[in-house]
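S.K.: One letter stands for each residue in the lines below.
2 protein chains.
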Amino acid sequence: MGLKKKLRVIQYGLGPIGIETARLVLKKSNMKLVGAVDISKDIAGKDLGEVLGTGKKLGVKVSDNAKGLFKKTKADVVLHTAGSRIPKIYDQLVEIVGGGLNIVSSSEELLFPLKGSSKLAKKIDALAKSKKVTVLGTGVNPGFVMDALPLFLTAVCQDVKQIHVERVVDAGTRRYPLQKKVGASMTPKEFRDKISRKELGHVGLIESLFIVAGKLGMNLDEVIETIDPVITKKAVKTKFFSLKPGDVAGIKHIAKGIRGGKTVLSLDLRMYIGAEDPHDAIRIVGTPDINLRIEGGVAGDKATAAVLVNSIDAVVNAKPGLTAITDIPAAYYTR
Amino acid sequence: MGLKKKLRVIQYGLGPIGIETARLVLKKSNMKLVGAVDISKDIAGKDLGEVLGTGKKLGVKVSDNAKGLFKKTKADVVLHTAGSRIPKIYDQLVEIVGGGLNIVSSSEELLFPLKGSSKLAKKIDALAKSKKVTVLGTGVNPGFVMDALPLFLTAVCQDVKQIHVERVVDAGTRRYPLQKKVGASMTPKEFRDKISRKELGHVGLIESLFIVAGKLGMNLDEVIETIDPVITKKAVKTKFFSLKPGDVAGIKHIAKGIRGGKTVLSLDLRMYIGAEDPHDAIRIVGTPDINLRIEGGVAGDKATAAVLVNSIDAVVNAKPGLTAITDIPAAYYTR
Chain C
0 MGLKKKLRVI QYGLGPIGIE TARLVLKKSN MKLVGAVDIS KDIAGKDLGE VLGTGKKLGV
60 KVSDNAKGLF KKTKADVVLH TAGSRIPKIY DQLVEIVGGG LNIVSSSEEL LFPLKGSSKL
120 AKKIDALAKS KKVTVLGTGV NPGFVMDALP LFLTAVCQDV KQIHVERVVD AGTRRYPLQK
180 KVGASMTPKE FRDKISRKEL GHVGLIESLF IVAGKLGMNL DEVIETIDPV ITKKAVKTKF
240 FSLKPGDVAG IKHIAKGIRG GKTVLSLDLR MYIGAEDPHD AIRIVGTPDI NLRIEGGVAG
300 DKATAAVLVN SIDAVVNAKP GLTAITDIPA AYYTR
Chain B
0 MGLKKKLRVI QYGLGPIGIE TARLVLKKSN MKLVGAVDIS KDIAGKDLGE VLGTGKKLGV
60 KVSDNAKGLF KKTKADVVLH TAGSRIPKIY DQLVEIVGGG LNIVSSSEEL LFPLKGSSKL
120 AKKIDALAKS KKVTVLGTGV NPGFVMDALP LFLTAVCQDV KQIHVERVVD AGTRRYPLQK
180 KVGASMTPKE FRDKISRKEL GHVGLIESLF IVAGKLGMNL DEVIETIDPV ITKKAVKTKF
240 FSLKPGDVAG IKHIAKGIRG GKTVLSLDLR MYIGAEDPHD AIRIVGTPDI NLRIEGGVAG
300 DKATAAVLVN SIDAVVNAKP GLTAITDIPA AYYTR
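Protein sequences, first through last, are from chains C and B.
Residue 88 in numbering that gives the first Met the number 0 sits at position 89 of the first sequence; the count goes up by one each step and never skips.
Residue 280 in numbering that gives the first Met the number 0 sits at position 281 of the second sequence; the count goes up by one each step and never skips.
Among the hints, erroneous ones may be present.
Which copy is meant is left open, because identical chains are indistinguishable; a pair holds if it fits in one copy or across any two.
[What the hints assert, rightly or not] Simulated pairs of lysine-lysine, DSS-like, Cα-Cα distance not exceeding 27 angstroms:
(1) K301 / K160
(2) K180 / K301
(3) K4 / K160
(4) K121 / K3
(5) K128 / K4
(6) K27 / K73
(7) K31 / K160
(8) K5 / K160
(9) K160 / K3
(10) K121 / K4
To be clear, the hints were calculated from the coordinates, so they are not data collected in a lab.
Just chain C, with the same shape it has in the complex (with noise of 0.2 angstroms):
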């Protein structure tokens, strides 16, 4: 790596996700942190070492003027870490990509885009073509544990008949939102209300499905989706949380594919306080059946921006336009 040339990243977006991700930039010899946005007036002018709690300044200065500095500040690729929809991030992605730079996203929709946004997503694979930049979603859940590594290891089938993810994630280790998110200590009726209003469930679970779905040319059926609570039998605590029995504890969300009234594809997402078990779990029926279990899961944020950093390499070198993580090399640790 000596003698190549750092690629120079700005970070978008600075909240728990893009602060880790910003943070991990700074430890890779290959990588440098050239400039950094986020809209909130708490943060814009500040320096990013500040922000990130580097202890030094890093001499960028956080700007809420995206188009200002991709104008005035060169760089190969944006670190995008501000939002989950595609309607909502569209003008942002807009700039970026106008701006001549590759874009790395944590937007679980941008992973595989469905009906409701496809026509943007046509929209920024056409500018990213004519940018000559390459633009990939990505992540753990979406674009690694439910999709990503189930697909790869179809590789050693010669027949894929059913394939079944299992996560359980122990909500009460991660930071505060992502309880929230959930819907821990609400009461049941609070639950239902909010997933009747679609404000409760993981975004990201039916792209994964389609995803795994359309690579594998599974020809589903039908496409069901539940969301239920996981009400806790016992008090629990958690630094944010206290839980008594009867609460929600959390989610169970659940994507089956159904292909000849069978289940032949099925995301089983359970993230609760006090999960006692955390695992993911990939079983494929085929030829032959692989059953693989990672103890503990992969969870948590840093995790998330591993997988976000780690992208950047196959994302500049790849083939412009809108991509998937199943269309180009896979991300590695990079020093």
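Go by the hints and put chain B onto chain C.
M.R.: Relative to chain C, chain B alone:
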């Protein structure tokens, strides 16, 4: 796939693995078998369907003249399953690439050409580039369990300090050549003699070690390789061998990468008759730690054939040259 042209495949080598890959190609909707090569006098001239035991003729005769076949038969890719060592297969590869054909090979050495073969590998690379075709060596081990999969997992790591892979295969469930290859039924002395003449040991373990260490920039000070017999304590019988207590049941082949006095990378492969708990396990010491286990392990010729055939798509679409499993999009099951 309906409108796409089918990929035209030539099977080169009709040993146990080649027969499996050819049979698998016949099942794929996007491929067709257009030719076959084998130097064995028993097979040459026969209809391929007869050799594969499909119960009907395929109208493809097995040829013992590869060069002649490449001249008269248009194809996209050659599935090469005719040897492990690069010096032994070099002339075959030159003929195939010279004929303008891509290669997916089961050659363990081709996966990661080490010093002894690097000159020949460079020649293959140059020829492949000039002919605009891609050459890949792949498989399950090496090619997946002890290299590609652990590397794939590092995508979610901010830091990787150590990687330890353990693979335990019950050789008693495998075909005769594998049981023989691991030394089954030898006396410990016969085993040691064979080791000292380098006639035993798993081809590819060192390749896996260098792929992982190289990709992660591990800068190893030293590599230590040991091969020992696994001695059976009780009598065991397989389809092919009867072992009495004290006989060799198989092999324990370990490769370690050392840095700063510590084992930072270890590949521990045990293949023996009567192994009670066959599995693959990968442990990454890092941020986060990863502890993965595949119950039963990814074993058997079916898996090897699968990864070879499933790699065809990525190889046909890859940049020309001698490529590596880590430098192209992953292989996936295709229908």
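S.K.: For each hint, tell me whether it holds in the structure or not.
M.R.: Results for each hint:
Only between protomers do K301 and K160 lie at most 27 angstroms apart by alpha-carbon distance; the minimum there is 15 angstroms, versus 34 angstroms within a single protomer. With identical chains, the CA atoms of K180 and K301 are at most 27 angstroms apart within one copy only, with a shortest distance of 18 angstroms there and 44 angstroms across copies. When the C-alpha separation of K4 and K160 is checked against a cutoff of 27 angstroms, the pair qualifies only between copies, where the shortest distance is 25 angstroms, while the shortest distance within a copy is 46 angstroms. Taking the shortest alpha-carbon separations for K121 and K3, only the inter-copy value of 23 angstroms comes in at or below 27 angstroms, while the best intra-copy value is 33 angstroms.
Taking CA atoms no more than 27 angstroms apart as the test, K128 paired with K4 passes in both settings, with 24 angstroms inside one copy and 26 angstroms between copies. Taking CA atoms no more than 27 angstroms apart as the test, K27 paired with K73 passes inside one copy only; the shortest distance there is 19 angstroms, against 47 angstroms between copies. Taking CA atoms no more than 27 angstroms apart as the test, K31 paired with K160 passes between copies only; the shortest distance there is 22 angstroms, against 45 angstroms inside one copy. Taking the closest pair of Cα atoms, K5 and K160 come within 27 angstroms of each other only across two copies (23 angstroms); inside a single copy the shortest separation is 45 angstroms, beyond that limit.
For the homomeric pair K160 and K3, the shortest alpha-carbon distance between copies (24 angstroms) is at most 27 angstroms, but the shortest distance inside one copy (45 angstroms) is not. Taking the shortest Cα distances, K121 and K4 sit within 27 angstroms of each other only across copies (26 angstroms), while inside one copy they are farther apart (32 angstroms).
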